[in-house]
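Hey, can you work out the whole structure from these sequences and the hints?
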Amino acid sequence: MSEHPVKGLEHEVVVPGENDYHGHPNYLKVYISLLILFAISVLASLLHNPMIIFIVVFAVSVIKGTLVLLYFMHLKWEPLLIWILLGVALMTLGFLFLGLYPDTVPVHRFLVPQS
Amino acid sequence: MDISLKSWRNIPQARLGVWTLIAGEFVVFGGLIVMYILNRMRYESWGEMARHTNVIAGTVNTFVLLTSSYFVVRAHEAALHKNKKEVRKWIWLTILCALIFLGIKTYEYTHEIMHGFTLPGKDLLAQGKHVETLYWAFYYTMTGLHGLHVIAGALALFFVMRHAVKTGKHYHRLEAAGLYWHMVDIIWIFLFPLIYLVH
Chain U
0 MSEHPVKGLE HEVVVPGEND YHGHPNYLKV YISLLILFAI SVLASLLHNP
50 MIIFIVVFAV SVIKGTLVLL YFMHLKWEPL LIWILLGVAL MTLGFLFLGL
100 YPDTVPVHRF LVPQS
Chain S
0 MDISLKSWRN IPQARLGVWT LIAGEFVVFG GLIVMYILNR MRYESWGEMA
50 RHTNVIAGTV NTFVLLTSSY FVVRAHEAAL HKNKKEVRKW IWLTILCALI
100 FLGIKTYEYT HEIMHGFTLP GKDLLAQGKH VETLYWAFYY TMTGLHGLHV
150 IAGALALFFV MRHAVKTGKH YHRLEAAGLY WHMVDIIWIF LFPLIYLVH
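Residue numbers (numbering that gives the first Met the number 0), protein chains in the order written: chain U, 0 to 114; chain S, 0 to 198.
Careful, some of the hints might be misleading.
Cut-off 20 Å, straight-line C-alpha distance, at most; resulting in silico cross-link-like pairs (SDA-like, lysine to any residue) [to be verified]:
no., chain 1, residue 1, chain 2, residue 2
1, U, Lys75, S, Lys168
2, U, Lys28, S, Thr66
3, S, Lys88, U, Leu27
4, S, Lys168, S, Leu154
5, U, Lys75, S, Ala13
6, U, Lys75, S, Met34
7, S, Lys128, U, Ala43
8, U, Lys75, S, Gln126
9, U, Lys75, S, Thr19
10, S, Lys81, U, Pro24
11, S, Lys81, U, His23
12, S, Lys81, S, Trp91
13, S, Lys88, U, Lys75
14, S, Lys84, S, Leu95
15, S, Lys81, U, Tyr26
16, U, Lys75, S, Ala22
17, U, Lys75, S, Pro11
Computed Cβ-Cβ distance ranges for the label pairs, DEER-style [as the list claims (entries may be wrong)]:
no., chain 1, residue 1, chain 2, residue 2, range
18, S, Ala136, U, Leu69, 31 to 39 Å
19, U, Phe94, S, His169, 16 to 24 Å
20, S, Ala125, U, Met50, 30 to 38 Å
21, S, Leu124, U, His23, 46 to 54 Å
Simulated from the structure, these hints should not be mistaken for laboratory data. The structure displayed is predicted, hence computed values, not measured ones. Think of the CB as a built atom: it goes at the ideal place given N, C-alpha and C, for glycine as much as any other residue.
Shown next as structure tokens:
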């Protein structure tokens with residue numbers, strides 16, 4: 000996608016060129032895929048094992064979120080800087096989970112042999 | 000994905016600003032979601048509390064938000080063609096979705112509060128259910144904060160659309176407001192199964 004600077008503010012503001020956008024994916028196809036995934040997560044909740052339900056619905060959520068990011072938010076066509084921004088945010092969450100896991104979930108029951 | 004240095008400099012500032020905001024919001028909501036998952040793994044009684052949420056209302060709201068995201072991309076598409084009529088139509092439909100979402104959420108809150116599932120959780124505390132009150136604290140914080148973002152997103156879309164339609168300029172701002180709206184949708188995509196579906 001090409002951009003053009005605003006006159007007089009060439010070094011400060013860049014606005015997108017509205018006439019030559021990168022093009023649009025088939026939004027209806029993406030929307031229908033999202034609805035199908037949504038139906039899968041609702042149906043999965045009817046299973047009996049909470050751990051399996053959690054794994055299935057969370058995995059489906061990740062796929063749905065990725066579809067919205069890539070196609071509705073056009074992340075697929077964004078430069079690397081935007082990917083790095085989001086990557087840092089997601090890594091922070093990963094570290095938060097790993098850091099808090101031993102303090103929150105009673106991990107000792109896995110480590111200390113039970114008599 | 001363009002990885003050239005030139006492309007980094009040429010990111011429109013409005014879009015870069017919104018993406019930065021989105022990254023920050025992901026950390027805020029992600030932090031809450033991480034803590035919710037960890038506590039859910041720790042306290043089995045949270046599963047019992049989750050049974051008191053209204054799954055049908057949550058399901059309808061998810062459908063409404065997914066549909067609103069579709070309306071926003073259609074509005075963005077119309078904005079690139081400077082089609083005022085279409086922009087107005089799709090943004091108003093999105094705002095209608097936001098109002099439906101908030102209406103259903105209000106109904107849910109009313110129902111839950113009437114059953115004693117309040118933020119201080121006096122009824123639960125009286126029964127010695129301290130851990131269970133924590134569940135409702137998380138529930139109201141996550142969904143309440145998300146609700147505020149729905150209001151903010153709808154207002155942003157309304158004002159940006161009004162300005163673009165009136166002046167015939169600054170259509171690119173619709174993309175920035177639309178990005179924010181999609182972020183609101185993504186957050187709900189993760190909140191819905193965790194709160195409503197995993198018992």
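Evaluation of the provided hints:
1. For the hint linking Lys75 (chain U) to Lys168 (chain S), the alpha-carbon distance of about 26 Å lies beyond 20 Å, and the restraint is violated.
2. Pair hint Lys28 (chain U) plus Thr66 (chain S) holds up; C-alpha atoms about 13 Å apart against a cutoff of 20 Å.
3. Straight-line distance between C-alpha atoms of Lys88 (chain S) and Leu27 (chain U) comes to about 17 Å, which keeps the hinted pair within the 20 Å bound.
4. Of the supplied pair hints, the one linking Lys168 (chain S) and Leu154 (chain S) holds, its CA atoms being roughly 19 Å apart against a limit of 20 Å.
5. Distance hint between Lys75 (chain U) and Ala13 (chain S) is fulfilled; the C-alpha atoms sit about 18 Å from each other, no more than 20 Å.
6. The suggested pairing of Lys75 (chain U) with Met34 (chain S) is violated, with an alpha-carbon distance near 30 Å, which exceeds 20 Å.
7. Taken as a hint, the Lys128 (chain S) and Ala43 (chain U) pair is broken in the structure, with Cα atoms around 29 Å apart against an allowance of 20 Å.
8. Proposed proximity of Lys75 (chain U) and Gln126 (chain S) is contradicted: the alpha carbons are some 52 Å apart, above 20 Å.
9. With a CA separation close to 17 Å, the supplied pair Lys75 (chain U) and Thr19 (chain S) stays within the 20 Å bound.
10. Of the supplied pair hints, the one linking Lys81 (chain S) and Pro24 (chain U) holds, its CA atoms being roughly 19 Å apart against a limit of 20 Å.
11. Pair hint Lys81 (chain S) plus His23 (chain U) holds up; C-alpha atoms about 15 Å apart against a cutoff of 20 Å.
12. A threshold of 20 Å between alpha carbons decides the hint, and for Lys81 (chain S) with Trp91 (chain S) the separation of about 16 Å falls inside it, so the pair holds.
13. Proximity of Lys88 (chain S) to Lys75 (chain U) is assessed by CA-CA distance (about 27 Å); at most 20 Å being required, the pair is judged violated.
14. Proximity of Lys84 (chain S) to Leu95 (chain S) is assessed by CA-CA distance (about 17 Å); at most 20 Å being required, the pair is judged to hold.
15. Pair hint Lys81 (chain S) plus Tyr26 (chain U) holds up; C-alpha atoms about 19 Å apart against a cutoff of 20 Å.
16. A distance of roughly 16 Å separates the Cα atoms of Lys75 (chain U) and Ala22 (chain S); the hinted pair therefore holds under the 20 Å criterion.
17. For the hint linking Lys75 (chain U) to Pro11 (chain S), the alpha-carbon distance of about 16 Å falls within 20 Å, and the restraint holds.
18. Between Ala136 (chain S) and Leu69 (chain U) the beta carbon distance is about 34 Å. The supplied range of 31 to 39 Å therefore holds.
19. Range check, Phe94 (chain U) to His169 (chain S): about 39 Å between beta-carbon atoms, so the 16 to 24 Å window is missed.
20. A hinted range of 30 to 38 Å holds for the C-beta pair Ala125 (chain S) and Met50 (chain U), which are about 32 Å apart.
21. Restraint check, Leu124 (chain S) to His23 (chain U): a C-beta distance of roughly 53 Å satisfies the suggested window 46 to 54 Å.
Hint compliance for this structure: hints 1, 6, 7, 8, 13, 19 are not met, and every other hint is.
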